[in-house]
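Visitor: Put chain B on the given structure of chain A with help from the hints.
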Amino acid sequence: MDRESLLVATLVELADNLVDDYDLIDVLTLLSLRCVDAVDVDAAGVMLASPTGELQFVAASSESMTVLELFQIQANEGPCVDCFRSGHAITNYALSEADGRWPLFTPRALALSFKAVHSLPMRLRGRTIGALNLFRTHQGQLTDDDVVVAQGLADVATIAILQHRTVKDASALNDQLSNALNSRIVIEQAKGMIRQTTNCDMDEAFNRLRAHARNHNEGLTDLAAHIVDMSMSCKDLDEWAIAKKA
Amino acid sequence: MTEDRLFDIYALMERRGREDSKGSALCAVAEEFLALDGAAIVLASGNSELLSLCTSNHTAGALLDLELTLGEGPAVDASRGDAVGDINLLHATPSNWATYRPEALALGARAVFGFPIRLGAIRFGALSLFRSSPGPLNEEQNSDAYLMASVIGRAILAAQAGSSDEDLVGELSGSSLLDIRVHQAAGMLSVQASMSVKDALVLLRAHAFGLECQLSELANLVVSRATRFDRDSQTWIDGVIDDGDEQ
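These protein sequence lines map, in sequence, to chains A and B.
At the far end of the first sequence sits residue 252, using the working numbering, and the numbering has no gaps.
At the far end of the second sequence sits residue 506, using the working numbering, and the numbering has no gaps.
Looking at chain A on its own, in the form it has when it is part of the complex:
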């Protein structure tokens, strides 16, 4: 698929997911996955600010613990924090051991073979509510076109948060952000239960949860909550192998 067709397909798919009672974490995961293809990066993820201004991880293109830790670290330092605080994009930032800008973040990113990072602000009416983070393992610059596409996807992520319920003022936005971050915690609690029950890794636990939710037209967060309150058994989740095909 050429670049233009890929972008159109991505936007159509995202728009298609932004109808009815969609699950925010699921849509932001989809957006992160599509970012990897559309912008030619190796990992992508979304961090949102809590009502009290702390950045927290909400969705990523990979749920492997090592990648999630890269986001987790950014509660304190890293490209997302800088982008969030300044409201300005960070693009084509080459990571190097010698650079002391992010002493915790950089070594971890390099250990995962990431060579360059980008962070695009999620802005809403003068307030930055989070950041879209992109990682690349190979050398080479994101072009101006890539950056436009990435910022466009960051804007779609912002719209996803706004659309989720009608967000008309600051308190409604706070409510929305607080719900999104809490959803992520519900999912982590469920992932732990799935890992323990079915002896899988965290990445697979998430994929099974998400695939089952999609297969059965259930909200990802709702399904996770059912796992946690034990109204649904981890053993009854669709097999990941089957789910993959669906």
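No lab work stands behind these hints, which were simulated from the structure alone.
All values derive from a computational prediction rather than experimental measurement.
Do not rely on the hints blindly, as some may be mistaken.
[Said to hold, decoys possible] Footprint (simulated), chain B over chain A, 3 or more residues, beta carbon under 8 Å:
#	region
1	49 to 62
2	72 to 84
3	201 to 214
4	225 to 234
Note that the Cβ used here is the ideal one computed from N, Cα and C, for glycine as well.
Guide: For chain B alone, coordinates are given in the frame of chain A:
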């Protein structure tokens, strides 16, 4: 910004902890921190029944009694998970709290607010607030109310895990509950010990205290299977490390 406001809460907690009886300190802190006329905290029991933990003054107590008797109001709604803001008691919104509203007005409240106290799928209860003049919370108060609700949640957890009063403030300042591994570990532990995720979080916390290690460190060990809780012997058993992420 958050650190500053957190520090303000801790300073208030230390002072109020000395002045007030044990239970009511958190409510007094919420009232003063948010500059409102009263605060109440309700806890949700296992069967979703709401119980009063504390109220900051007589009116807050009367409002909460009213709410718990009628089963409608800001704390009832917030304990189900959605924040309740900008409820002007003078303006009747249709079907919303038909019985609660006139009675609350008679008690002197003009605006009421409710914030959920929760951690993922764990619902602890709600923070309920009132003011004797109408109008919404300003932006800062709204953010502060979320912060206060999260501190209350941590305080409830810490109390259940048996931390002493002296430990409490130091413990609250840790941000380990933002660590996703803590929640993953609580999920794993709940299966190992056959208990709710909430009880598993308390167990995890209590064990971290016992080991004098950070909650995040212990969570890491649980997630990597370096340690687990054995249901039969009710003890912790150390095991082989597995990276938790095999790809």
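Visitor: Next step is simple, just say for each hint if it's right about the structure.
Guide: To see whether the hints hold, each was checked on the structure:
Three residues within the 8 Å Cβ limit are the bar, and the region 49 to 62 of chain A against chain B gives 6, so the coverage statement holds. Evaluation of the coverage hint for the region 72 to 84 of chain A: fulfilled, as 4 residues show C-beta separations to chain B shorter than 8 Å, against a requirement of three. By the rule of at least three residues with a Cβ nearer than 8 Å to a Cβ of chain B, the coverage given for the region 201 to 214 of chain A holds, with 6 such residues. Coverage of a stretch by a chain is defined here by at least three residues with a beta carbon nearer than 8 Å to that chain's beta carbons; for the region 225 to 234 of chain A and chain B the count is 3, and the condition holds.
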